Amino acid sequence: MNIAVVLRQVPDLVETLDIDRTGTALDWDTASWIVNECDDHALEQALLLKEAGGGSVTVVALDAGDVDNTLYTAAAKGADRILKIPLDDPTPPAPRAAAALLAQAIRTLDAELVLVGVQAHNELDGVLPPLLAAGLERPYVGVIRGVQPGAEPGTVTACKEFPGAVMARMQVRLPAVLGILGAEQPPRYVPVSRIRAAMKATQFEEPEVTVPARDARVTVRRLYAPASAARAEILSGSVSDVAARLVTILAERGILK
Amino acid sequence: MSASDVLVLAEIQRGMLADITLELLAAARQLTAATGGSVLCAVLSDDGQSHASALAAADRVLLVNDPQLAAYAPEPYVAALCEIVRAEQPCAVLIGGTSIGWDVAPLLASRLDIPLVTGCRAIQAEGEGLAVTTAFCGGKLLADVQVTARPAVLMVLPGSCRAAAAPGRAQIEVRTLAAPLESGAVRFQEWVLPAAGDVDITQQDILVAVGRGIQQQDNLALAEELATALGGAVCASRPVVDQGWLPATRQVGKSGMTVRPKLYLAFGISGAPEHVEGMQSAELIVAVNTDPKAPIFDAAHYGAELDALDLLPALAEAATARKGEASQSA
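Residue numbers (this note's numbering), protein chains in the order written: chain S, 1 to 257; chain U, 1 to 330.
The hints are simulated quantities; they were obtained by calculation from the structure and are not laboratory data.
A few of these clues could be false.
[What the hints assert, rightly or not] With a straight-line cut-off of 25 Å between C-alpha atoms, the simulated SDA-like cross-links for lysine to any residue are:
1. S:Lys257 - U:Val199
2. U:Lys293 - S:Thr22
3. U:Lys323 - S:Tyr189
4. U:Lys293 - S:Asp110
5. U:Lys262 - U:Gly324
6. S:Lys50 - U:Thr228
7. S:Lys50 - S:Asp29
8. U:Lys262 - S:Ile249
9. S:Lys257 - U:Glu225
10. U:Lys323 - S:Ser238
11. U:Lys293 - S:Asp241
12. U:Lys293 - S:Thr24
13. U:Lys262 - S:Ala232
14. U:Lys262 - S:Arg231
15. S:Lys257 - U:Ala221
16. U:Lys293 - S:Lys50
17. S:Lys50 - U:Gln243
18. U:Lys323 - U:Asp310
19. U:Lys262 - U:Leu284
20. S:Lys257 - S:Val239
21. U:Lys293 - S:Glu37
22. S:Lys257 - U:Gly324
23. U:Lys323 - U:Asn219
24. U:Lys293 - S:Asp29
25. U:Lys323 - S:Gly254
26. S:Lys50 - S:Asn2
27. S:Lys257 - U:His301
28. S:Lys257 - S:Pro226
29. U:Lys262 - S:Ala251
30. S:Lys257 - U:Thr228
31. S:Lys84 - S:Thr22
32. S:Lys84 - S:Thr157
33. S:Lys84 - S:Val190
34. U:Lys323 - S:Arg231
35. S:Lys50 - S:Thr202
36. U:Lys293 - S:Arg245
37. U:Lys262 - U:His301
38. U:Lys293 - S:Ile249
39. U:Lys262 - U:Tyr302
40. U:Lys323 - S:Glu252
All of these numbers come straight from a predicted model, not from anything done at the bench.
Isolated chain S, as found in the complex:
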């Protein structure tokens, strides 16, 4: 099975998020970037499918958010081809524009299955995977945790996650786009030495694409840190001080008997 995987860079939420001078967007220059976690799972799922049944894995990414290291890591993990879509503006495009760009590149591939993380935390006016499916005119289902070859030829079986650790097993006729929440196993680790080797051996392909018009129907007026309506009472002091205070609170409430 030939599989295309979309990888996106997102701001690392562990780091401070700065807002730019317009007050309507993140300051992309100061953001610390990491691969979108669900996309990383999509890559892992694609590699598992390839290892089980052959075929190829092509990674497609927009050239935004210091993506090169993520792409070299993907190559080190086992991706066969890397397509990096050049952008004039290093700011990550909105989901509709990103989907249009990615669809142009993926259409040139012979990919029966497209896997992409079901969400990215910096999307607010669109959700990339279904928009991409619409652009490719392919069926879509998302919130998928685990994909396996289907019982019938030309199909896969995807497990869609619902609350309560309940899954719906779905049959998906290919070609299709799936929004991945999690792979069947955690994303694999690759040692730095293999990533360095991939940096020397991997050539990124840069497909030609046409940048779509901006969708102005949804605009951000203000981006800000939420004011806490009911912030927690912060317990200060050393670790042992806090532990003692917590034990007292739990005892007073009858929780610790």
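Following the hints, position chain U against chain S.
Below, chain U without anything else, positioned relative to chain S:
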């Protein structure tokens, strides 16, 4: 049909009306108070009538009964909803940020070429458009967003609005679609329920929850020791389950379990909206995170800006000592 109406998609999971539906109806009622329109509720099912009585908070309940809607699949859902939106022309379509909503809302917006906003926490009418506050970057930031075109599809964060009471009786309308629904390329096959035998975290009074801050699987032992000391169980946010360190039955949040324990201790959990959704009803929430700006502190009653790996053993030791003192004095 009115451009001031608000349409809600009723969500039915395994034959049951999901709680999010009543939250959406409440949000829709607030919005129509400003627009002057009606609250419509679309029920896509093979037996919508059985759910209609629970939807009295709507003004009109639109039932689409079709065998293809007996279990969820994207294509028949989106096709049916497209037809209703085209016919009713509401100013907004409210869909929950749920497993079904993450499929249907963007597919609907794409097919009708109308705007979509995700993570909606507050919605107001504004002139010919809408003003929406959304969660951004996992809830660490908020965005005030202007939507200048109607209708718009708004994906509402579960827990953003208190569920609507049922003040009256909605008008029930059975809708016949222009053409029978087709199954599409994605077909439901079967439900897979969690394996029995693991701890049922929804029944625990005390939960020790761990997130990414636990760093590695070996450190779960620290959480287990504290849970043992307190007489509770260990649960986790999604990244821990994604790593395979705990089974899905221990996951708290949107795609996991909703828990209401007496005590919820959150160690190294940032507090993404998807997680908070599953634990915000706990009686007492204590959050431990090194990031003072972590959203989990907004959901907690008490917090400590400490490393989870330091406080876990210290708290286990202090709790064990306190229990020892209590048993001696007894």
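Restraint check for Lys262 (chain U) with Ala251 (chain S), where alpha carbons must lie at most 25 Å apart: holds, 13 Å
For the pair supplied as a hint, Lys293 (chain U) and Asp241 (chain S), is the alpha-carbon distance within the 25 Å limit? Satisfied, since the Cα-Cα distance of roughly 22 Å is no more than 25 Å.
Satisfaction of hint between Ala221 (chain U) and Lys257 (chain S), Cα-Cα up to 25 Å: holds, 23 Å
Pairwise hint evaluation, Thr202 (chain S) against Lys50 (chain S), where the allowed Cα distance is 25 Å at most: holds, 19 Å
Agreement of Lys84 (chain S) and Thr22 (chain S) with the hint, judged by alpha carbon distance not exceeding 25 Å: Distance of about 29 Å is beyond 25 Å: violated.
Against the 25 Å threshold, does the CA-CA distance of Lys262 (chain U) and Tyr302 (chain U) hold or violate the hint? Holds. Lys262 (chain U) to Tyr302 (chain U) sits at ~14 Å (cutoff 25 Å).
Agreement of Lys323 (chain U) and Arg231 (chain S) with the hint, judged by alpha carbon distance not exceeding 25 Å: Roughly 30 Å between the alpha carbons, so the hint for Lys323 (chain U) and Arg231 (chain S) is violated.
Is Lys262 (chain U) within 25 Å of Gly324 (chain U), Cα to Cα? holds, 22 Å
Starting from Lys262 (chain U), check that the Cα of Ala232 (chain S) is at most 25 Å away, please. Cα-Cα ~17 Å, so holds.
Agreement of Lys257 (chain S) and Pro226 (chain S) with the hint, judged by alpha carbon distance not exceeding 25 Å: violated, 37 Å
Taking only the CA atoms, is the gap from Lys323 (chain U) to Ser238 (chain S) under or equal to 25 Å? Holds, at about 22 Å.
Hinted pair Lys262 (chain U) and Arg231 (chain S), Cα distance within 25 Å: Holds: Lys262 (chain U) and Arg231 (chain S) sit about 19 Å apart, inside 25 Å.
In terms of the numbered hints stated before, the structure departs from hints 3, 4, 6, 7, 16, 28, 31, 32, 34, listed from lowest to highest.
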